[in-house]
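Each protein sequence line maps, in turn, to chains A and B.
UniProt numbering numbers the first residue of the first sequence as 1 and each following residue consecutively.
UniProt numbering numbers the first residue of the second sequence as 1 and each following residue consecutively.
Heads up, a few of these hints could be off.
What the hints assert, rightly or not - No more than 30 Å apart at the CA atoms, straight line, and that leaves these computed lysine-lysine pairs for DSBU-like:
| hint | chain 1 | residue 1 | chain 2 | residue 2 |
| --- | --- | --- | --- | --- |
| 1 | B | 83 | A | 19 |
| 2 | A | 19 | A | 280 |
| 3 | A | 224 | B | 83 |
| 4 | B | 222 | B | 71 |
| 5 | A | 88 | B | 45 |
| 6 | B | 171 | A | 19 |
| 7 | B | 83 | B | 71 |
| 8 | B | 45 | B | 83 |
| 9 | A | 224 | B | 183 |
| 10 | B | 22 | B | 45 |
| 11 | B | 45 | A | 224 |
| 12 | B | 45 | B | 117 |
| 13 | A | 19 | B | 183 |
| 14 | B | 117 | B | 83 |
| 15 | B | 222 | B | 83 |
Unchecked claim - To spell it out: a stretch of chain B is covered by chain A in this simulated footprint if at least three of its residues, at any positions, have a beta carbon under 8 Å from a beta carbon of chain A; those stretches are:
| hint | stretch |
| --- | --- |
| 16 | 47-53 |
| 17 | 93-103 |
Don't read these hints as lab results, they were simulated from the structure.
Quick reminder that beta carbons are idealized off the backbone N, C-alpha and C, glycines included.
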Amino acid sequence: MRDVQHDNSLPIGAGVGYKPQHFAALTDDPGSVSWLEIHAENFMGDGGRPLAQLRHLAERFPISVHGVGLSIGGEERLDPEHLARLKKLTDWLNPAMFSEHLAWSTHDGAFLNDLLPLPYTAETLSRVTAHIDQLQDHLGRKMLLENPSSYLAFVGSTWSEPDFLREIARRTGCGLLLDVNNVFVSATNLEFDPRAYIDAYPLDLVEEFHLAGHDEDADELGRKLLIDSHGRPVDEPVWTLFDHVIARAGARPALVEWDNDVPEWDVLEAEAARATQHMKPALAAAVSA
Amino acid sequence: MNDSVTFSSTGDVTVTQTAFRKALLDPQQDVPEGLTNPDGQHADKRFSVYRNNVAHGLSEAMLTGFPVLAKLVGDEFFREMAKVYLRIHPPASPLMMHYGAALPGFLESFPGTLHLKYLPDVARLELALRRAYHAADALPIDPTLLTRLDQPALMRARLHMSPACEVLITKWPAKAIWDYNMKDGPQPTGGAENILISRVGFDPVAERLPQGGAPFVRSLIKGRSFGTALGLATADTPDFDLTETLSVLIATHAITGADKPD
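Pulled out of the complex, with its shape left as it was, chain A reads as follows (with noise of 0.2 Å):
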């Protein structure tokens, strides 16, 4: 649907999630943003404010299509009619970028609108990697897997998380999607080295970077507990660690995601500067090499 001087790809360069608040802010002056991320569920009525917007913007800036709900960890099989809505949704729109969650959120007719873990094993993996053939057949596209955030241990997994994400993406030919903030929320709350992980990550597969805010909190013991509330700056840490792999893996488009108390147009905006300016090294080394 965009017009064919469009590279149908996303930048390497900082996107924000979409937010119907900062559209006339976002149309007017996009500063650092070169690209905007939409929520798949948000967009899935048949007309009216939501798609009229989102028809506009896709003239103007390349789009990612995330997926909240299809619930690719479930025990369950895919449900055959979201299927139908994400792919009735991505042929309108051609999306620069499909990408999805490693978990699941619907089960026994209940969509629990939460991304909800599941462990990691031989089961797990024939599953999931057949969930994602399914949909990226069914879409005729390739799809990201995006890594979870932790709260919780599974007692039965086998697989180390990079290890079973690097096997779906090889099983499956999909690319993975790096969230820098769920990588230090994991491993604050599961205690190991968030740097190890991302060394340990097959980092050649990642497409698309994304960092958010997280709220601190406990556990029973009194133990640091992070939650992955998408409601804050990007904390100080990340950042740190977003350097670390942007080291490894150099630049790739970058997203802020900011759902919660949404701020104003500005602060996001300048969020995604930052992001900018992180991956600007390997940019320019990237140009002159």
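For this one, chain A is given, so just place chain B on it according to the hints.
Chain B only, in chain A's frame:
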């Protein structure tokens, strides 16, 4: 990560999603076995992060979706009520834009609001306005196309109604209550209402129809001819005010076209 932790748990450590889901929606349920903190100990507080995420996410979505209800009962009461509702009626699909469809029925028997008998009607109106917001786009008819038809032709014509258009028959003055709370309208009075919901541009609208307007518009939506709809309306209400009904339909962009009669 996983291999750095030795677990001492015995027995089956498979956490089914059935068990997870049950414990998620019911705080009285034990946290499933097989979920731990980094030391292999039970992870109750950690599990409650998911419980809170689900309850908070769904109740906030309802608060956004039912602004007048929330105003009528207060945000805090509404959130607590939503937490009861979501355990009985979790969303059936990932389309959160339509979440809460069972709220009118729930409110009919929720002990905390039984004395506020008009709440179910207000919930129906708020749901209908949300459906209208997300309905397919359609342009309104040029009204002169209707006025140009002679009487027999008009009676045989089938009108195309906007995808956003629907009709509610309420026992309580839901539209007046909505206006009072959202538009500083006058103190709500009266009883039953026939309410037309439609959309002008991208903005949902609700307008009161004269008595008999509901069966009239409903039969137009079903694709019956103008004459058939009028017959139904006058059977319901002998002094049915067609002129007023048509002016509401035109003003709310509810009519989008007409089939030329054969």
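Outcome of the hint check:
1. B:83 - A:19: 26 Å, holds
2. A:19 - A:280: 26 Å, holds
3. A:224 - B:83: 27 Å, holds
4. B:222 - B:71: Distance of about 35 Å is beyond 30 Å: violated.
5. A:88 - B:45: Violated, because 40 Å separates the two Cα atoms, which is more than 30 Å.
6. B:171 - A:19: 38 Å, violated
7. B:83 - B:71: 17 Å, holds
8. B:45 - B:83: Given that 30 Å is the threshold and the Cα spacing comes to 19 Å, the pair holds.
9. A:224 - B:183: Not satisfied, since the Cα-Cα distance of roughly 46 Å exceeds 30 Å.
10. B:22 - B:45: The hint holds at about 16 Å.
11. B:45 - A:224: Since the Cα atoms of residue 45 of chain B and residue 224 of chain A sit roughly 11 Å apart, the hinted pair holds (cutoff 30 Å).
12. B:45 - B:117: With Cα atoms ~39 Å apart, residue 45 of chain B and residue 117 of chain B exceed 30 Å; violated.
13. A:19 - B:183: 25 Å, holds
14. B:117 - B:83: Status holds; Cα separation ~20 Å.
15. B:222 - B:83: This hinted pair is violated, its Cα atoms lying about 37 Å apart.
16. 47-53: Contact hint for the stretch 47-53 of chain B vs chain A: holds, 4 residues under 8 Å.
17. 93-103: holds (count 5)
When held up to the earlier numbered hints, the structure conflicts with 4, 5, 6, 9, 12, 15 and fits the remainder.
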